[in-house]
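Undergrad: My numbering puts the sequence shown at residues 324 to 434.
Fair warning: there could be bad hints in the mix.
Now the in silico label distances, taken between C-beta atoms and shown as ranges [as the list claims (entries may be wrong)]:
no., residue 1, residue 2, range
1, Ala-359, Thr-406, 33 to 43 Å
2, Ala-359, Ala-402, 28 to 38 Å
3, Leu-363, Thr-411, 16 to 26 Å
4, Ile-361, Lys-399, 18 to 28 Å
5, Tyr-415, Asp-352, 44 to 54 Å
6, Glu-334, Ile-361, 18 to 28 Å
7, Asp-384, Arg-337, 18 to 28 Å
8, Gln-400, Glu-338, 25 to 35 Å
Computed cross-link-like contacts, EDC-like style, restricted to lysine to aspartate or glutamate with a CA-CA straight-line distance of at most 16 Å [what the hints assert, rightly or not]:
no., residue 1, residue 2
9, Lys-399, Glu-332
10, Lys-397, Glu-362
11, Lys-399, Glu-334
12, Lys-397, Glu-338
13, Lys-399, Glu-353
14, Lys-407, Glu-334
15, Lys-397, Asp-345
16, Lys-407, Asp-352
17, Lys-387, Glu-338
18, Lys-399, Glu-362
19, Lys-407, Glu-338
20, Lys-387, Glu-362
21, Lys-397, Glu-334
22, Lys-399, Asp-350
These aren't lab readings, by the way, just hints derived from the structure by calculation.
For each residue, glycine too, the CB sits at the ideal point set by N, CA and C.
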Amino acid sequence: MAGDKIAVEAESIREMGRNMIDEPMRDLDELARTVARIELSAVGGYGVFGLLGSSLGDAFDEVKLAAQTYVADKRKQVADIHTKAYDTANGYVGGDTDAATIAAKMPTIPT
Numbered sequence: 324m325a326g327d328k329i330a331v332e333a334e335s336i337r338e339m340g341r342n343m344i345d346e347p348m349r350d351l352d353e354l355a356r357t358v359a360r361i362e363l364s365a366v367g368g369y370g371v372f373g374l375l376g377s378s379l380g381d382a383f384d385e386v387k388l389a390a391q392t393y394v395a396d397k398r399k400q401v402a403d404i405h406t407k408a409y410d411t412a413n414g415y416v417g418g419d420t421d422a423a424t425i426a427a428k429m430p431t432i433p434t
């Protein structure tokens, strides 16, 4: 009976971790796809200015890379919430298992 209660509580912690990250992770994934589709270009009006067009192109590439890096970092932070929830649940189960093992090895007190 106690083992069932522990399993349910641990799974509820895992479920909480999943629920906490679902929507933010979907939003970040959509943002990452949007950033990947962005094509910044200095070709056209700026391209005729040679060095200026090239510098703008480099700046556009840096902006896109910075946006992709930012989204990837935020995605990792959200994923860490999920990992921490699972670690907490597993630690909870592990602690109870360790306590039960120690209790089972303790000598009984004669009555």
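Undergrad: Next, verify each hint and record whether it holds.
TA: Outcome of the hint check:
| no. | hint | in the structure |
| --- | --- | --- |
| 1 | Ala-359 - Thr-406: 33 to 43 Å | violated (25 Å) |
| 2 | Ala-359 - Ala-402: 28 to 38 Å | violated (19 Å) |
| 3 | Leu-363 - Thr-411: 16 to 26 Å | violated (42 Å) |
| 4 | Ile-361 - Lys-399: 18 to 28 Å | holds (21 Å) |
| 5 | Tyr-415 - Asp-352: 44 to 54 Å | violated (30 Å) |
| 6 | Glu-334 - Ile-361: 18 to 28 Å | violated (40 Å) |
| 7 | Asp-384 - Arg-337: 18 to 28 Å | violated (41 Å) |
| 8 | Gln-400 - Glu-338: 25 to 35 Å | violated (20 Å) |
| 9 | Lys-399 - Glu-332 | violated (26 Å) |
| 10 | Lys-397 - Glu-362 | violated (22 Å) |
| 11 | Lys-399 - Glu-334 | violated (22 Å) |
| 12 | Lys-397 - Glu-338 | violated (21 Å) |
| 13 | Lys-399 - Glu-353 | holds (15 Å) |
| 14 | Lys-407 - Glu-334 | holds (13 Å) |
| 15 | Lys-397 - Asp-345 | holds (14 Å) |
| 16 | Lys-407 - Asp-352 | violated (20 Å) |
| 17 | Lys-387 - Glu-338 | violated (35 Å) |
| 18 | Lys-399 - Glu-362 | violated (25 Å) |
| 19 | Lys-407 - Glu-338 | holds (12 Å) |
| 20 | Lys-387 - Glu-362 | holds (9 Å) |
| 21 | Lys-397 - Glu-334 | violated (26 Å) |
| 22 | Lys-399 - Asp-350 | holds (13 Å) |
In this structure, the hints that do not hold are numbers 1, 2, 3, 5, 6, 7, 8, 9, 10, 11, 12, 16, 17, 18, 21, in rising order.
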